[in-house]
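K.L.:
Below, each chain spelled out in residue letters.
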Amino acid sequence: MSNQDELLRIEGIRKSFPGVVALDGVDFELRRGEVHVLLGENGAGKSTLIKMLSGAYRPDAGRVLVDGEETRIHGAQDSERLGIATIYQEFNLVPDLTVAENIFLGRQPRRYGMIDRKRMEAEAAGLLERVGVNVSPRARVRELGIARLQMVEIAKALSLNARVLIMDEPTAVLTSEEVEKLFVIVRKLREDGVGIVFITHHLDEIAALGDRVTVIRDGKSVGRVPANTPEDELVRLMVGRSIEQQYPREAVEAGGALLKVEGLTRDGVFHDVSFEVRAGEVVGIAGLVGAGRTEVARAVFGADPYDRGSVSVAGAGVRGNDVGAAMAAGIGLVPEDRKGQGLVLDASVKENLGLVTLRAATKGGLVDLKGQRAAAAKVAEQLGVRMTGLGQQVRTLSGGNQQKVVIGKWLLADTRVLILDEPTRGIDVGAKVEIYQLINELTAAGAAVLMISSDLPEVLGMSDRVLVMAQGRIAGELTAAEATQDSVMALAVSTNIGTNASTNNGTTAVEGSRGH
Amino acid sequence: MATDTLKSNAGASGATSGLRRVLLDNGALSALIVLVIAMSALSGDFLTTDNLLNVGVQAAVTAVLAFGVTFVIVSAGIDLSVGSVAALSATVLAWAATSEGIPVATAVVLAVVTGIACGLVNGFLISYGKLPPFIATLAMLSVGRGLSLVISQGSPIAFPDSVSHLGDTLGGWLPVPVLVMVAMGLVTAFILARTYLGRAMYAIGGNEEAARLSGLRVKRQKLAIYALSGLFAAAAGIVLASRLSSAQPQAAQGYELDAIAAVVIGGASLAGGTGKASGTLIGALILAVLRNGLNLLSVSAFWQQVVIGVVIALAVLLDSARRKSGASVTSAGAAGGGDRRRQVLTYGLAAVVAVAVVGATSLLHGGSSAATTQKVGLSLSTLNNPFFVQIRAGAQAEAEKLGVDLTVTDAQNDASQQANQLQNFTSSGLGAIIVNPVDSDATGPAARAVNKSGIPLVAVDRSVNNADTATLVASDNTAGGRQAAKALAEKLGGNGTIVVLQGQAGTSASRERGAGFAEGLKAYPGIKVVAKQPADWDRTKGLDVMTNLLQANPGISGVFAENDEMALGAIKALGAKAGRSVQVIGFDGTPDGLKAVADGSLYASVAQQPKELGRIAVENALRVAEGKGVEKAVMVPVKVVTKENVAAFGG
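Those protein sequence lines, which keep their order, are chains A and B. Numbered per the working numbering, the first sequence spans residues 1 to 516. Numbered per the working numbering, the second sequence spans residues 1 to 651.
Please keep in mind that the hints were generated in silico from the structure rather than gathered at the bench. We treat Cβ as the ideally placed atom computed from N, Cα and C, and that holds for glycine. Honestly, I wouldn't trust all of these hints.
Claimed, not checked - Here are the simulated DSBU-like pairs of lysine-lysine, each with C-alpha atoms no more than 30 Å apart in a straight line: (1) A:LYS51 / A:LYS260; (2) B:LYS577 / A:LYS363; (3) B:LYS219 / A:LYS339; (4) B:LYS219 / A:LYS363; (5) B:LYS491 / B:LYS611; (6) A:LYS378 / B:LYS276; (7) B:LYS639 / B:LYS577; (8) A:LYS339 / B:LYS130; (9) B:LYS611 / A:LYS339; (10) B:LYS486 / B:LYS452; (11) B:LYS577 / A:LYS370; (12) B:LYS491 / B:LYS375; (13) B:LYS276 / A:LYS370; (14) B:LYS375 / B:LYS452.
To be verified - From the structure, some residues in chain A lie toward chain B, with a derived Cβ separation under 10 Å: (15) VAL186; (16) ALA227; (17) ARG298; (18) VAL323; (19) PRO335; (20) GLY340; (21) ASN352; (22) THR362; (23) GLY365; (24) GLY371; (25) LEU390.
Said to hold, decoys possible - Each pair of labels, with its calculated beta carbon distance range: (26) B:VAL299 / A:ASP337: 22 to 28 Å; (27) A:ALA374 / B:SER40: 42 to 48 Å; (28) A:GLN108 / B:ASN424: 55 to 61 Å; (29) B:GLY146 / A:ARG308: 46 to 52 Å; (30) A:ALA374 / B:LEU270: 32 to 38 Å; (31) A:VAL222 / B:SER320: 33 to 39 Å; (32) A:ASN92 / B:PRO445: 44 to 50 Å.
Please put together the full structure from these sequences, using the hints given.
P.N.:
In structure tokens, the structure reads:
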């Protein structure tokens, strides 16, 4: 059965953690010069599988064959020796070191015991050129945008002479421009004979890039199909059922203006931002990463200060830079960084759901724990949070269920204006649809929803109106009927809007406009 | 329908994992159980009601401090100031009630307010000044300690009797400190589990940004958290001082580390978000059981330290083993870069301010002593002991009389600090230097450096090894030890069992007094020494060690303590027995010691004349500075002071 082109073969891998079986018989194979997509919902076991290959975990049972020979991978050194490199969602880069130092971290070329900077930087420059990114090897990693960080990671993998490159959701944080650039690089690597394991939740990327697809569900590999398999079929394999509609927006009759933002400005970050969101309406904000969308959302919510302008809810002004005032006015924020800003990961589902209502549930310094628990149970049920119980640590939930908890805490607080920042980033198809349904329920109940998203189809599919931001300004507004990929992108990359041409957001403008 | 792969396999593992689970779920508890079993097996005196209550008493102060620190650590902070704040609160209480005559109830309120105020300052610096908790509370550690020294002028102050009952027992057997510990523990558990503040601590510690974005007023909560820690520190300080009937400005030094260790041993993470009152209590008990058990087993002082360190590491290892088996480790995302830059700025600012203050004070100092008078430096090993305070008093009085400009420094029993001080002396143009070595050997190198500079060196109380001293002014410790042996043996009629409380292991005074005592006892074969344990010259430790030794040796008839402070601690432990069925003999003849001799609880003290030591040292220093000859050694006589002749020793 040994195949000349076969790089890697996994047979019947099993892995369990206390109380959980993460993998239960997974088969997988990778050939030279192929992009093999790993598809599965969050929590299906993809991450556990790649951690086996990078040496972070050891399998309980099953075989791993590299070049037809059975191997054990006991640590990062083993996987490095076998030519397996992994690029995780959370980058393994040291922010205060330079690009070159990061690429050669721990393997810096040395001369007389000292680091040979010249050689290191020259070699790094060569690798960066091969990846096709225009970054100085001497730049500090902290100063780079997220897309470039990823290119540095790829360059690092190349420096290891990787034959197997594992990429865990590399496109999740990229704009569509950047995704295109990434694809060019990946295709080039494929031509060079590198085998690539590619994890993504974007089905359209599979046909565009992939060769074969292995679908994992509930810790088992449930199918290996060619990449040109229809999306419906892929979804059916992945979820175990078919999904009727990807963007089930049910528009309702919009009421009066609920959230009104006028002339909001923070010097150097965003300028003269004005818009309103009416009751029952979903307003999407599209734009490139770095266009100032998140900054505006945080300012509206009072998490960050602004210099000029005003925010009002239902006609009443809201004090700036005061989360308490914004919450009192009925504004809620689901932040873009779910784990870093939305959740207390080590606390329970119950604790997290009760966070926003903690003060309201306190009388004379004492918390009404029973009432909190009952409320949490009710909302968890309503949202369909899949958990072992209200006491389960939020850290151990899948991404989609974590996001439901973040949204749930605002539902408990009777939020009238909910700001969603990248609500479905890193969430699988099934859970996405559930969150869209939730948005429908909210607007049907008369709430206003402001949704920031870099996932263009999502913005187009779920918004009643679309605002496009570029370089800290609102570049334009489109109705649901007018909004298309092209019309939105045209606004998003537009420069010199308004009169103030000197406003310059540096790196993002360069990254965004390239190749368009 | 299934998205998650969470499958419980509890059934498969079966019942055998039941016990293992309970123990793994609470690593600290299993460590405590193992420790108790081990101690019971090794010492028959360990597992008795009395001894277990002793363990409780000895754990009480650490536990109450640790409860306060639990709040801070759960919210991902750290509080290094609790030991100092405890000492400051107790000092404020004693000073207000004893020295200022303020009603005791008001004084207690004042002490508690002091603790809360210190906590609020910490909280304010951290919340609004954006100082890292480590730095803010480290600053408070120093300020609190300094203020308690300022208020008490360096000497212990008697504690009001009504408050001292907190250190007594209820119904003759139930120690009040244990009750206080249990009560504070319940309060802690209640605050953590049920109150808004408690729930906010977990949220802030788990993810401060998420808590803020969920509407928690993080800054205000932090103020309250550190204030609570200050309040608990004040309570601990009052309990500590009432056990000794005395507020000591240097009390509870280093206790903050014990408290933090107790919290972490109890299963809390220094990263915040986890921690329980029960865990903290277990952590404090582990530390107390260890110290108690090692005393009972008469383990040498050196090995006690090794064992304690190893057990702390093991207890936390056990707990992290539990964590690993519980959940996989996920690395958190990189923190924001702005914080780090701000921290660097803060550190920079702190450094600049420190340099500025140091520069300013040295300038001021230099300005005041620009006259042509002879200058002399005196480096004392410590001022945490009335004996050395007396040396200073004698030296200062003589300096004033002779018109000498005398600079006194306190090495806080730290040889390296003393070395620094001697170094500073040589570079400030003194006519002579008087040194009271922290350790005869350890001070040698620094003393040799002084020799090289050509400044004459006078040693007082302890000799300096391997260096030239113009003269040594000292009491004869060995002779004193012999006299103590003779006095005690004769009082006991030549028969009996006794224990010895040793000074800090490795110090020359302890060696000489011990050697003299042993030599003196040779003449009395009927006297048997059943235990020798170090109590580090310290009254609190004297009390604890004596309590432990009494467990192992209930029938003793005599105690020799190598200084008066430890003797006074031992008398506390002996209670009514002191002076009746058990005779205690001390060393030094400090004012407190002489008072105890007068009232009969202390049979005798081998009196040195510390004021004389200080006086003669300065006198000789001036002579050598002026180039006059002195004797190589001046032995100031020691004298056994008993009730009969105590009136003659006014100090």
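K.L.:
If a hint holds in the structure, say so; if it doesn't, say that too.
P.N.:
Results of checking the hints against the structure:
1. For the suggested pair A:LYS51 and A:LYS260, the alpha carbons sit about 47 Å apart, so the restraint of at most 30 Å is broken.
2. Taking the CA atoms of B:LYS577 and A:LYS363, the gap is near 53 Å; set against the 30 Å cutoff, the hint is violated.
3. Of the pairs offered as hints, the one joining B:LYS219 and A:LYS339 holds, with about 22 Å between alpha carbons and a cut-off of 30 Å not exceeded.
4. Taken as a hint, the B:LYS219 and A:LYS363 pair is honoured in the structure, with Cα atoms around 21 Å apart against an allowance of 30 Å.
5. With a C-alpha separation of about 29 Å, the suggested pair B:LYS491 and B:LYS611 falls inside the 30 Å cut-off, and the hint holds.
6. A threshold of 30 Å between alpha carbons decides the hint, and for A:LYS378 with B:LYS276 the separation of about 28 Å falls inside it, so the pair holds.
7. The straight-line distance between the Cα atoms of B:LYS639 and B:LYS577 is roughly 25 Å, inside the 30 Å bound, and the hint therefore holds.
8. Between A:LYS339 and B:LYS130 the alpha-carbon distance is near 24 Å, which keeps this suggested pair within the 30 Å criterion.
9. As the CA atoms of B:LYS611 and A:LYS339 are separated by approximately 66 Å, the hinted pair breaks the 30 Å bound.
10. At roughly 43 Å between alpha-carbon atoms, B:LYS486 and B:LYS452 are farther apart than 30 Å, so this suggested pair is violated.
11. With a C-alpha separation of about 55 Å, the suggested pairing of B:LYS577 with A:LYS370 is violated against the 30 Å cut-off.
12. This hinted pair does not check out: B:LYS491 and B:LYS375 have alpha carbons roughly 48 Å apart, beyond 30 Å.
13. The suggested pairing of B:LYS276 with A:LYS370 holds, with an alpha-carbon distance near 20 Å, which does not exceed 30 Å.
14. This hinted pair checks out: B:LYS375 and B:LYS452 have alpha carbons roughly 19 Å apart, not beyond 30 Å.
15. Below 10 Å, beta-carbon pairs count as interface contacts, and A:VAL186 has none with chain B, the closest being about 25 Å; its hint is therefore violated.
16. The restraint placing A:ALA227 at the interface with chain B is violated, with a minimum CB-CB distance near 24 Å, outside the 10 Å limit.
17. At about 9 Å, the closest approach between the beta carbon of A:ARG298 and any beta carbon in chain B falls short of 10 Å, and the interface hint on this residue holds.
18. Among the interface hints, the one on A:VAL323 holds; its C-beta lies about 6 Å from the nearest C-beta in chain B, closer than the 10 Å criterion.
19. Interface hint status for A:PRO335: upheld, as the beta-carbon distance to the closest one in chain B is roughly 6 Å, under 10 Å.
20. Taken as an interface hint, A:GLY340 checks out: its beta carbon lies about 5 Å from the nearest beta carbon of chain B, inside 10 Å.
21. Of the supplied interface hints, the one on A:ASN352 holds, with its beta-carbon coming within about 8 Å of a beta-carbon of chain B, less than 10 Å.
22. Because the beta carbon of A:THR362 sits about 4 Å from the nearest beta carbon in chain B, less than 10 Å, this interface hint is met.
23. This hint holds: A:GLY365 has a C-beta 5 Å from the nearest C-beta of chain B, less than the 10 Å allowed.
24. Restraint check, A:GLY371 versus chain B: the minimum CB separation of about 13 Å is more than 10 Å; hint violated.
25. Because the beta carbon of A:LEU390 sits about 14 Å from the nearest beta carbon in chain B, more than 10 Å, this interface hint is broken.
26. The supplied range of 22 to 28 Å is broken by B:VAL299 and A:ASP337, whose beta-carbon atoms lie about 52 Å from each other.
27. Separated by about 47 Å at the C-beta atoms, A:ALA374 and B:SER40 satisfy the suggested range of 42 to 48 Å.
28. The beta-carbon spacing between A:GLN108 and B:ASN424, approximately 44 Å, falls outside the hinted interval of 55 to 61 Å.
29. Here the CB-CB span from B:GLY146 to A:ARG308 is close to 48 Å, well matched to the stated 46 to 52 Å.
30. Checked against the hint of 32 to 38 Å, the pair A:ALA374 and B:LEU270 passes, with Cβ atoms roughly 34 Å apart.
31. For the pair A:VAL222 and B:SER320, the supplied restraint of 33 to 39 Å holds, since their beta-carbon distance comes to about 37 Å.
32. At about 48 Å, the beta-carbon gap between A:ASN92 and B:PRO445 stays in the expected band of 44 to 50 Å.
Of the hints listed earlier, those the structure fails to meet are numbers 1, 2, 9, 10, 11, 12, 15, 16, 24, 25, 26, 28, in rising order.
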